[in-house]
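Visitor: Let the hints inform the model, and build the full structure from the sequences given.
Protein chains: 2
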Amino acid sequence: MPTYKAPLRDMRFLLKDVLKAEQALAELPYYVGHETHTADLADQILDEAARFASNVIQPLNMSGDAEGCTVQDGVVTTPKGFKEAFKQFAAAGWTALDGDPEYGGQGVPHVVGNAVSEMMIAANVAWSMYPGLSHGAYTALKAYGSDETKNVYLPKLLAGEWTGTMCLTEPHCGTDLGLLRTKAVDNGDGTFNISGTKIFISAGEHDFADNIVHLVLARIEGAPQGTKGISLFLVPKYLVNDDGSLGERNPVVCASLEHKMGIKANATAVLNFDGARGILVGQPNKGMQAMFVMMNGARLGTGMQGLGLGEAAYQNALAYAKDRIQMRHEPRITPAEPADPIIGYPDVRRMLLTVKAYNEGARALTYWLSLNIDIEHHHPDAAKREDAADIVALLTPVAKAFMTDNGFQGTVLAQQVFGGHGYIKEWGMEQFVRDARIGQIYEGTNGIQALDLLGRKVLGDGGKKLQKLAGMLTAFVEENEGSEELAPMLDVLGKAAQQAGTLTMVIGQKAMQNSDEANAAAVDYLRYIGHVTYAYLFALMSKAALEQIALGNDKDGFHKAKLQTAKFYYAKLFPETKALAATIKAGNEPMEVDDLAMFGFEKALVTA
Amino acid sequence: MPTYKAPLRDMRFLLKDVLKAEQALAELPYYVGHETHTADLADQILDEAARFASNVIQPLNMSGDAEGCTVQDGVVTTPKGFKEAFKQFAAAGWTALDGDPEYGGQGVPHVVGNAVSEMMIAANVAWSMYPGLSHGAYTALKAYGSDETKNVYLPKLLAGEWTGTMCLTEPHCGTDLGLLRTKAVDNGDGTFNISGTKIFISAGEHDFADNIVHLVLARIEGAPQGTKGISLFLVPKYLVNDDGSLGERNPVVCASLEHKMGIKANATAVLNFDGARGILVGQPNKGMQAMFVMMNGARLGTGMQGLGLGEAAYQNALAYAKDRIQMRHEPRITPAEPADPIIGYPDVRRMLLTVKAYNEGARALTYWLSLNIDIEHHHPDAAKREDAADIVALLTPVAKAFMTDNGFQGTVLAQQVFGGHGYIKEWGMEQFVRDARIGQIYEGTNGIQALDLLGRKVLGDGGKKLQKLAGMLTAFVEENEGSEELAPMLDVLGKAAQQAGTLTMVIGQKAMQNSDEANAAAVDYLRYIGHVTYAYLFALMSKAALEQIALGNDKDGFHKAKLQTAKFYYAKLFPETKALAATIKAGNEPMEVDDLAMFGFEKALVTA
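In order, the protein sequences belong to chains A and B. UniProt numbering numbers the first residue of the first sequence as 1 and each following residue consecutively. UniProt numbering numbers the first residue of the second sequence as 1 and each following residue consecutively.
Just so you know, the hints here were simulated from the structure itself, not pulled from any lab data. Treat the numbers as computed from the prediction; the structure is a model and nothing was measured. Where hints are given, some of them may not hold.
Heads up, simulated BS3-like pairs for lysine-lysine below, C-alpha to C-alpha not over 30 Å straight-line [as the list claims (entries may be wrong)]: (1) Lys384(B) <-> Lys425(A); (2) Lys322(B) <-> Lys510(A); (3) Lys80(A) <-> Lys5(A).
Guide: Below is the structure:
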């Protein structure tokens, strides 16, 4: 059975030496006021979270997958131990960790909260989604709920007494929410009656909590078609009385649970709303806006599933590669044994280092973005808030797609290290692969993330946000000119910043003629920007590692290993950009084919 | 539920117009003598096989996965309908298709036999493995069995009355069979008593047939250690009396079945041999040689799992992409609908075309190699036999690894086209992913295939075989000089042939200093050679397509689509070679790391 040990050494290195989080947070009055900005507090939280992840929820990961969730007459049973673990999680205050103290939260910075989330995901991704979805609901309600709503619901969500969901998808629409049909009828008393069917609702029904707070997209009768007529509603499983106690059961019922490839221990519900009573959240017809607040957090959270599962898979593949002896290495590694540990073979190291490098790049991106979210929300200087917001907006789709793609690849490689045993359920490696696969699909497919990056975030503002990122790269190159150790990276970074600009212009010019060109390039472009971002982050990490080595702080070899991982990343993974630059330049033309001949598609695809 | 329709159009195009199989087979007296070389016969066989695949075994694919195999007291039950389908398959003569008429076979060429196998794999890979393993056992017995053994066993295997297995792996050794411990004790009467445990035995026990013929690697008492002391034994489930009737039950027992990620309907058995009676096949201590005969066929067959599953996944993703409407394309595609079919978006086409191009490259490679196997075995001219054998030897590891890697990627992309529905079992797409994953692992992991290619097949003979392949490329370039339509491909091919040579020399020179260099480069090198091979095959197919278009034979647009697929392949997939060339050149150094710092590996990995 797999094990998981939180990579606290790397987490602390990022927070302290790379991002210098304590100093950054000390500029934010909100955290200083709550005394939650210190490295000491973060250290303590990470230690405790690591114990909870390894001792309480990781042991439930395989059994949860085997058992799955079941539903009978609308009542969902989660796997053995799941709800008890959640009670323990809530009782220890984890559900309130980065919540607002005004509503019972602990006011801990987002960057620390996400480090904790990474551990929960790595230990048991299906379980982690229950509190994860609640956190998303909390965020959206906090941003758009009325004071009355917030006062009733937020403390319950933070206390883990109630949980939350996001109800977006319908059978005929996922990507295209403008098509949604769920109806809201105004009761004239401040409430609406919601009717329709929502599918793929993660944590949509369960036995963890007294109440479930569904945030539901629906169209008010008479509202415009498309996304401009969508509103957001709060629909509780049990109606809430004026005194805060639970009232009657609202007619929102779990019709069935999906049978899925993975994350089987998370209840993915089909929910029927049959005139269920709901409250409007935010303005009528502005539901997409509110939902995006929730989804941005969910996108980074989904990206972190790639990180967490990649890390868990890596740790177990590493242990196996050290233990499994097979073939004779020349020269012998363990001459007393009949064969040598497979970790001695370069190809096995290549697989392990690939997973390791992608994990460490993903962790750096996650924490960097999370710290920027803290700055975006709380910095007193508007210009700094804007800079942070721009980086978060630009790189959230990258974090979601690049991290889940690499995370899936990482679980596949880690499984490969196990040979045939990797395919057998008992070893647990195949579960990582199945669980990781969904990250590339939900919360907006990775193709949609790529369109968001290229279309909205880059071309949409004339490259302004991208230039901020490129500016950081060139600034880093200039600041570190003359550093012998960093020189090979600086060379790559300088060229990458330049090529990213050129490629963007090439696509932008083509896209002005034909919008298909952006769609054709988007996925390759996102991967390209992902690599450029990781290259930058590995350079930052290398610089910090060199500083620690110079200070004599490398007794355990951690910083030396970081430099080697960075070198591996630049030598073996970053070169994918060569292929991507070529396929980006090839544009849409190779996909412009005769539809009838190629696909047997009887309609002419383009009518104009 | 997914459907499958055999791609007969593409199969026939390859056999008739690209490979000109009828003419090639007409040079082989064996097939001419049996009158099995004609295109007419091949046509008829393909038609019938297509019907069997779609009507009989494809409908059992999802139910087989859901039901799986069970074992009780050593008795295995396969999913509902499986054994009846096999009886029907055998009764229709499919088990005997490319078997030797001397033993009841139909003497049909290997290239036709493999086209049939492709369909069975695509329709139901788990089911196809039962006859597939039997075919492997037939091949090894035919090559190395005594006449007496052959007369008893081969007709039964070809009739599908009995089935066969390959028993290689043990708990402590898979890749490294030299470590195997299964013992053979000479009874002095021409039989041996075999004792030991074999794991991962596909189709190792089941209810399809009266008897199961296990081909088992074991070490005769007193034999040398390592692979030089391994012999091959035939161990039947039931002993066979002199009159051919079944005798007593041999003590070879299915102790358990593995719980796997996929191919759940194939019984993957742990087999305990407890003094089971066996016959030596071939010479003592020469078992590996005999096993390699069986494994070469199995490797191509495994590669074909990537092809078959890629094809099945593609067909269903294509249908979904035509049906699913989402978002508005500019200009509108289906203006009467609220949204446009997703196939209209370049990124969806990119995914579909990627899967399609890899499938068509894989099919071309499979049929080309299969025809070369026919030539290798049956051509009267020794030089032609050697040329064919060299291409088969060189490209069998490429077929196994490149086709299964691309096939897995293809199933993942096809699943991605379905969005969230791709993750739900009912749609069947996630089964393709789970079923395809094993192809990269078993029959020698793809890492091992890469070492076989680079170490044994390329560097092992000083590049002689590789030069034959490169010679074909340059010959094609010269022959077609001046062709305007082929010019862009010829340019790429010429450079690729040259760069393949250069990269091989670079690795070869480094590997002379340090054998780790070959291991470090092997996987990237195999992918590189795979792309060069597909580029060559797409050029061959393009030429044939142009000829057919010139003849006025393109009413259905098939050949135009082939040209477009080739163009897509060159523009969007082949550029991966740019990244591979870079990572190959980066060599082993990025993996030469401080083991204690990087992996916490307490032993110095290299002792010398």
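Visitor: None of the hints should be skipped; say for each whether it holds.
Guide: Each hint tested on the structure:
1. With a C-alpha separation of about 47 Å, the suggested pairing of Lys384(B) with Lys425(A) is violated against the 30 Å cut-off.
2. Only pairs whose Cα atoms come within 30 Å are accepted, and Lys322(B) paired with Lys510(A) is accepted, the gap being roughly 26 Å.
3. At most 30 Å may separate the alpha-carbon atoms for a hinted pair to count; Lys80(A) and Lys5(A) meet this at roughly 22 Å.
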